[in-house]
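K.L.:
Residue strings, one per chain:
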Amino acid sequence: METIPIEALIPQRDPVLMVDELLEASDDAATTSLTVRDDNFFLDEEGKLAETGLIEHIAQSASALAGYRALRSGAKEAPVGYIGEVKKFRCFRRPAQGEVLHTEIRQGAEVGGVAIVDGKVEVGGELVAQTQLKIYVKPD
Amino acid sequence: MSLEGKYYQMCSAHWEADSATFHLRLLPQCEVYHGHFPGRPVCPGACNIEMLRACFTHWMGRRQYIGAIKQCRMLAVLTPDIDADIEVRINVLGETAGGCQISATLSAAGKTYLEFKGEMLRELA
Chain A
4 METIPIEALI PQRDPVLMVD ELLEASDDAA TTSLTVRDDN FFLDEEGKLA ETGLIEHIAQ
64 SASALAGYRA LRSGAKEAPV GYIGEVKKFR CFRRPAQGEV LHTEIRQGAE VGGVAIVDGK
124 VEVGGELVAQ TQLKIYVKPD
Chain B
160 MSLEGKYYQM CSAHWEADSA TFHLRLLPQC EVYHGHFPGR PVCPGACNIE MLRACFTHWM
220 GRRQYIGAIK QCRMLAVLTP DIDADIEVRI NVLGETAGGC QISATLSAAG KTYLEFKGEM
280 LRELA
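Sequence order for the protein chains is A and B.
The working numbering puts the first residue of the first sequence at 4, with every later residue one more than the last.
The working numbering puts the first residue of the second sequence at 160, with every later residue one more than the last.
So that you can see chain A by itself, here it is in the shape it has in the complex:
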């Protein structure tokens, strides 16, 4: 897949830019990556990525898929999305500094600007977190 700078796909910026790269994308699925660095905003007191950092990472991964679809449809910039609901979240462990997150996003139904998205985060093939989100995409 052609590499698209992440800043073209999502509106978040440092210090809360929580996706490094969109690795793969299709109409309803995407894979992203993030390396946990020592300056990550969501790094906790124990030097690990907080549970809420995993939620934000999954949400921004979903946003990257939305941005990819929008740009492919001719939009000039990525849409702004907000988390509307978090469901079925499980955190099995917190990734440590230096670990690389690989995250799969699957988008289900989208009704009235609200998309249902399933996300799971793996580190080295180990599932560390999963959730289902409702993302509200702000109209242009």
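Only true hints are included.
Computed footprint of chain A on chain B; a stretch qualifies when at least three of its residues, placed anywhere within it, have a C-beta under 8 angstroms from a C-beta of chain A:
(1) 184-195
(2) 219-232
Quick list of simulated restraints, FRET-style, between CB atoms:
(3) B:M219 with A:R96: 16 to 24 angstroms
(4) A:A11 with B:H193: 17 to 25 angstroms
(5) A:R40 with B:Q168: 24 to 32 angstroms
(6) B:Q168 with A:D41: 20 to 28 angstroms
(7) A:T6 with B:L234: 34 to 42 angstroms
(8) A:K90 with B:G220: 23 to 31 angstroms
Simulated from the structure, these hints should not be mistaken for lab results.
Note that the Cβ used here is the ideal one computed from N, Cα and C, for glycine as well.
Since the structure of chain A is already known, use the hints to place chain B on it.
P.N.:
Okay, now just chain B, sitting in the frame of chain A:
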């Protein structure tokens, strides 16, 4: 990651056996708004959940972890310069093997912005 003193300041905390109420003030100058979003500051939903977790930790007196979220509804978008005075209410619903089930709300000026049900853990790898 401690958001206290950076994203919010705690103004008061009161608790009884199974419930607690916290009053917080959002800090609009927090660096998070440089990136969420540039020129359009909006509180990240994940940071609002983190405030709930931090309040519960304050109550319990030791770090608490979010093991599971059954449902967390974000009912409205919170903005730091408009809705700065926050009330967080937490209820313990029951104990689990590793922690407890809680429900919580986050509101400002009588309006509920977030409703949370989930499991907090005492330990998480």
